[in-house]
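Protein chains in written order, with the working numbering: chain F, 1487 to 1837; chain D, -4 to 113.
Incorrect hints may appear among the rest.
Part of the chain F face toward chain D, derived, beta carbon under 10 Å [unchecked claim]:
| hint | residue |
| --- | --- |
| 1 | LEU1628 |
| 2 | LEU1639 |
| 3 | VAL1641 |
Just the calculated beta-carbon pair ranges, DEER-fashion [unchecked claim]:
| hint | chain 1 | residue 1 | chain 2 | residue 2 | range |
| --- | --- | --- | --- | --- | --- |
| 4 | F | LEU1628 | D | SER38 | 30 to 36 Å |
| 5 | F | ARG1648 | D | GLY101 | 17 to 23 Å |
| 6 | F | GLY1776 | D | ARG16 | 46 to 52 Å |
| 7 | F | ARG1704 | D | SER97 | 43 to 49 Å |
| 8 | F | ARG1695 | D | SER97 | 30 to 36 Å |
| 9 | F | ARG1704 | D | SER38 | 36 to 42 Å |
| 10 | D | ARG105 | F | LEU1628 | 27 to 33 Å |
| 11 | D | GLY101 | F | LEU1647 | 28 to 34 Å |
No lab work stands behind these hints: they were computed from the structure. Ideal placement from N, C-alpha and C gives every residue a C-beta, glycine not left out.
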Amino acid sequence: MTEAHVHDVIDGLEVFICGLDERGSIVVFNRPCEQLTGLARERALGINWLDLFAIGERHDHVQSLWAQAAHGRPAGPYEALCRNGRSVRWQFSRWDRHDPVPIALWAVGFDMTQEREAMARAREFERMVALGNLVSGLTHELRNPLNGALLQLRVAERHELRSTHGALSTTAQAITQATAEVRRISMLLDDFLVFVRPVPVQLERIEVRDVIERAIDRARVKADAASVTIALEAGEASAELDATRVEAAVYHLLVNAIDAAAEAIEPMVRLRLEVHHNSIVISIEDRGAGIPDNNAPIFEPFFTTKKGGTGLGLAIVQRVCADLGGAITHERRDGATVFSLELPIVFGAIC
Amino acid sequence: MRVVVISPFPAERGALELLLRDEGHEVTSASTHDEGLRLAISSRPDAIIADTQLPGNDGLALVRELAQHDLHTTTILLCARCTAPELVKLGVICMTKPIDVSALCGYLARRLPAARVA
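Let the hints inform the model, and build the full structure from the sequences given.
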């Protein structure tokens, strides 16, 4: 068997193969090794294996594995990162033949990079789920003292108003402010829970109009309080989507539009549903003042220009888009701000 | 009218008692499932407001037991999270905490006769 034959065999394999002499210098270097290190075979020969594949690692550990292999026992696995960040798992074994090339040890490596990345992603997901569960548990527990605090503040407010015969004393105003602050804590918790808990996407065939109407119902009290009318232009359209997520996204866009419309000359919010051949677009339009600064990071969590806002509404919308493979865009046209939520549909919408 | 409040949380229980008395209702309260059940059986109230988290048993079990004792009282459950579909079947109203007190008082005023409006 010639050296050329050896290389023919080992160059075609999808493993990294190095032949080492007694000192650990490379005497055989297959093509996958060349691709891994970016070093041509001729340049690699004579370099110690440790200097290429165990950079920054403890060499004594590898050397003890080599000693083990030299005694006839296959040694390893030994895993290390290469210079280019790929993770390789090596095994070493003795080679008694000295022709065609004087090899003392074979080092055979397997690329573990993808497996390691998948494991890291799975661990991260588990961590997020555990965190989400913790946050969920905390949020629910917090609802009890929040309820107690708000109820007691109500008692204090009534008592104070009675004693001042309805006049707004400093105490009464302080109670009102405290109540608003505690309500804000509650809203923050609600929004944060939605944002941080990775609930698996649940696709089901839904009538998109029904989902939009549910979001409108949720926002009705707010709209009535701000004297804003809500108009919906939507035909029949069914699609396979996650109803809860779509409803949450529409609700948060609607809440923002109501706030903007409340200040407008025409206090109205218009929702429109359009069906394209492989996506639906839900647009929400208001004739309010618009987004003041085009560079503002409006989708960043906790960014808000509203007094008493949680800053999570648009972050939630963006999260829904990421989960469903959709997109959220906004534009200003003819004195109106329009947010458009585009969502892909798995099968054709039926209008 | 007669209302029984059942809650293990003193701040919540105390405030509900005061606020409902202000609305002209006759209010008694308990802090556990068993105590609440005894109170409900003995006083036969027009409405029961109960927390779903009760020492001894949960609010859902309380509702079932009230039905077994032929107490088909207007029942409102206060929940940190209201998800049981069975509650809807039992005709129970759920309010998620923190509750809207005005909505609660309004609901009682509509359901119960002759409450004095403060």
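These are the hints, each one checked on the structure:
1. Taking 10 Å as the C-beta contact cut-off toward chain D, the hint placing F:LEU1628 at the interface holds, the least distance being around 9 Å.
2. For F:LEU1639, the suggested interface contact is upheld, since its CB lies about 9 Å from the closest CB of chain D, less than 10 Å.
3. Proximity of F:VAL1641 to chain D holds as hinted, the smallest CB-CB distance being about 5 Å (cut-off 10 Å).
4. Look at F:LEU1628 against D:SER38: about 33 Å separates their beta carbons, and that is inside 30 to 36 Å.
5. One distance hint, 17 to 23 Å for the beta-carbon pair F:ARG1648 and D:GLY101, holds here, with the actual separation near 20 Å.
6. As the Cβ distance of F:GLY1776 to D:ARG16 is approximately 50 Å, the hint placing it in 46 to 52 Å holds.
7. Checked against the given bound of 43 to 49 Å, the beta carbons of F:ARG1704 and D:SER97, roughly 18 Å apart, lie outside it.
8. At roughly 32 Å, the beta carbons of F:ARG1695 and D:SER97 sit within the given window of 30 to 36 Å.
9. Between F:ARG1704 and D:SER38 the Cβ separation comes to about 37 Å, which falls inside the hinted range of 36 to 42 Å.
10. Hint check: D:ARG105 to F:LEU1628, Cβ distance near 31 Å, so the stated range 27 to 33 Å holds.
11. As the Cβ distance of D:GLY101 to F:LEU1647 is approximately 19 Å, the hint placing it in 28 to 34 Å is violated.
In the structure shown, a violation is registered for the earlier hints numbered 7 and 11, in ascending order.
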